[in-house]
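Chemist: What follows is each chain in one-letter form.
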Amino acid sequence: MTEVEYHPKHELIREERFPHVWCPGCGLGIELQCYLNALEKSGIPQNNHVLVSGIGCTARIPGYANLDTYHTTHGRGLPFATGMKIANPDLKVTVISGDGDLFNIGGNHFIHAARRNMDLLVICSNNFNYGMTGGQHGSTTPLTSKSASTPYGNIEPTFNLPYIASALGASYVARWTVMHPRQLTKSIRTAMDVKGFAFIEVLSPCPPNFGKFNGFKDGFEEMEFYRKSSVVQNDAKLEDISIDPFHGKDIVLGDFVNRKRASYITLEHELIDRIRGGGQ
Amino acid sequence: MNFLPPGKYFADGNFALTEGAIHAGCRFFAGYPITPSSEVLERMSIRLPEIGGHFIEMEDEIASMAAILGASNGGSKSMTATSGPGFSLMQENIGLGVITETPTVVLDEMRGGPSTGIPTRVGQGDVMQTRWGSHGDLAPITYAPNSVQESFDLEIEAFNAAETYRQPVIVASDQVVGHLTEILEVKNMEDYHIVQRETRKTRNGNEGVYDYSRDFTPMFAAGTGFRGNVDSLTHDERGYPSNESSVEKEMLEHLLNKVRKNEDKIVKYEEFLVEDSKLVVVAYGITSRSVKRAVKEARKEGLKVGMFRPITLWPFPEKRIRQLAEQSKEFIVPEINYGQYSHSVREYSQTETKEMHFPPGAVPDYRVILKEIERCLK
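Those protein sequences? They're chains A and B, same order as listed.
Numbering-wise (my numbering), the first sequence opens with residue 1 and increments by one.
Numbering-wise (my numbering), the second sequence opens with residue 1 and increments by one.
A couple of the hints might just be wrong.
[What the hints assert, rightly or not] Restricting the straight-line Cα-Cα distance to at most 27 Å, the calculated cross-link-like pairs of lysine-lysine (BS3-like) are: (1) B:Lys-278 to B:Lys-201; (2) B:Lys-268 to B:Lys-258; (3) A:Lys-237 to A:Lys-212; (4) B:Lys-378 to A:Lys-41; (5) B:Lys-268 to A:Lys-9; (6) A:Lys-217 to A:Lys-249.
[Claimed, not checked] Computed far set for chain A versus chain B, every beta-carbon distance over 10 Å: (7) Leu-67; (8) Tyr-70; (9) Arg-76; (10) Phe-80; (11) Asp-90; (12) Thr-133; (13) Phe-213; (14) Arg-227; (15) Lys-228; (16) Ala-262.
[As the list claims (entries may be wrong)] Rough simulated footprint, nothing fancy, chain A against chain B, three-plus residues with beta-carbon under 8 Å: (17) 50-63; (18) 69-77; (19) 226-239.
For the record, the hints were derived by calculation from the structure and aren't laboratory data.
From the three backbone atoms N, C-alpha and C, an ideal C-beta is built for every residue, glycine too.
Please build the complete structure, drawing on both the sequences and the hints.
Modeler: Next comes the structure, spelled out in structure tokens:
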């Protein structure tokens, strides 16, 4: 037996911060691992990678990465990252946050960042509820499912995140689960090269909250349910892929969109060159 | 044009605030249109691309405040401009700037309130919001210009204070000063003291993101290899979150003391005929200009009255107010609100302090203030 002296990713993580805050059966450790694997393969120097988040369980991911990391206020990771990217376009800025952070409190910022085609990679882990505050429902909670604040079942329709991102003009759109780590890593790696707004939704279990409220005995059972309910369909019609697994509907995964569209930073630099070069 | 060339200009306050910021090194502006500060945003949209800076109109004031903090951490001196309703929306992220020690400048051009109030007319109802607006303890720095010249000069000073004390600094102007047109004199660039940002790039051993044993530690700019964690949670010197009361104590006392210990360097005020005065009128911003006239008229009648004008609303000019309280039996505090700064004057002076309430929408009439001076001294 050989003794392990270092964590295999010790260059990329802050070892002194472990163990992490997440619950047993949570998918966020896998998500961090996938991000770091993609980062290693990206060819972009580690110093240029920056992680920004809002508030929530997912928003704690940056704190474990050995990068310049920014844990901001609830819902405001995207505008913070927008300012940082514009100020220093050499940075590869990734916003990694939860569904509640990015689409409930921060929804307005999401639609505008995507519309601008801002040069940011956004990884949204969707666990169908507010995990950190004890499992209340949000805009991604599936219909009829239970949560700490929908004890009689949720009556609100959900957001279809890839459909929203695509409709707003994002350059890249994908959806995976933490039970698809290879596909997810590849997707993050691809998205790191995208000019403009890249969006990846990652379904992730929340065993003590959403899982418990909806009859899953542990994280593994919840993950297994998502895996079995999933089909990969890269050319899916995005308007049809809202998530409704408790009524027999498949969860559609895939790399849905990868298109060239002028990005904000490209257009801003063209504007500055024109103003400074041509005079007025 | 890079910098506004030296010379005399006939300009308004919003022009002066914008050009002052550019002189101070502002290269990033994020904002959302709002009366009466929109001219700052508009001029920034012309000026910043000219000098290779960055301008972005955000989706709201919450985003604007977040963006200028992001830009500052990305290495740019940054600012936003707003008024009452927008300033309310910025409060949470002003706190983010405080706890992460991020320098930036927030211009709040006060108008009538509460709520939408009177958007196009003057008010001074945000004074306490610049002090207590964001939750938790903080030691704010707020400048209140009363002229076009001061709008230019104090904007530079606000940027310098933001860089020195590493926190968001507020410039609380008002609708009248912003839209007032008068003489602005701009000196040669080399005659201005501009605090340049010093940043740390690489990290030595266990060097922290912060050092709570020192008042000032240079920040790091993203992407230079420092690999630090910047956190809205209470954090230790490493930048790592903590739930410990002892860490909160260490961090918070550092955040407060770096300003409190240096109050003498930060506090600015103007005095007018206070040497022998038995009554002192305390006024800031546009109200001080009515007060000055009232004091001049009262002096013609032989009344011993003077004016004390805080230029920094916060930190409160405590020492000087206490001294003035020894010589004068009473203070009068006219404000375009229903009693805000008067509370602090009363608290610090522990002297009879009469409030004068003026509703938002108009500059106080000097004759009303004069009558009050006469009533007190005759």
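Chemist: May I ask you to check that A:Phe-213 keeps its beta-carbon over 10 Å from the closest beta-carbon of chain B?
Modeler: 27 Å, holds
Chemist: With a Cβ-Cβ cutoff of 8 Å, does the stretch 226-239 of chain B contain at least three residues near chain A?
Modeler: holds (count 8)
Chemist: Do at least three Cβ atoms from the stretch 69-77 of chain B come closer than 8 Å to Cβ atoms of chain A?
Modeler: holds (count 8)
Chemist: If I take the minimum Cβ distance from A:Ala-262 to any residue of chain B, is it greater than 10 Å?
Modeler: Consistent with the label, A:Ala-262 stays out of reach of chain B, its closest Cβ about 16 Å off (over 10 Å).
Chemist: Are the Cα positions of B:Lys-378 and A:Lys-41 separated by 27 Å at most?
Modeler: 83 Å, violated
Chemist: Regarding the assertion that A:Lys-228 does not contact chain B, is the least Cβ-Cβ distance greater than 10 Å?
Modeler: Per Cβ check, A:Lys-228 is outside 10 Å of chain B; nearest 37 Å; holds.
Chemist: Using Cβ atoms and 10 Å as the threshold, tell me whether A:Asp-90 really stays out of contact range of chain B.
Modeler: Check fails; 6 Å does not lie beyond 10 Å.
Chemist: Compute the least Cβ-Cβ separation between A:Leu-67 and chain B, then decide whether it is above 10 Å.
Modeler: The assertion about A:Leu-67 is violated, with a minimum of 6 Å to chain B.
Chemist: Below or equal to 27 Å on CA atoms is what counts here, so check A:Lys-237 against A:Lys-212.
Modeler: Judged against 27 Å, a Cα distance of about 32 Å means the pair is violated.
Chemist: Would the least Cβ to Cβ distance between A:Thr-133 and chain B come out above 10 Å?
Modeler: Correct as stated: the minimum Cβ-Cβ distance to chain B is 15 Å, above 10 Å.
Chemist: Would you say A:Tyr-70 is clear of chain B, with no C-beta pair closer than or equal to 10 Å?
Modeler: A:Tyr-70 is in fact no farther than 10 Å from some Cβ atom of chain B, at 5 Å.
Chemist: Does the no-contact call for A:Arg-76 survive, Cβ to all of chain B over 10 Å?
Modeler: 4 Å, violated
In summary, the structure is inconsistent with hints 1, 3, 4, 5, 7, 8, 9, 10, 11 from the numbered list given earlier, while agreeing with the others.
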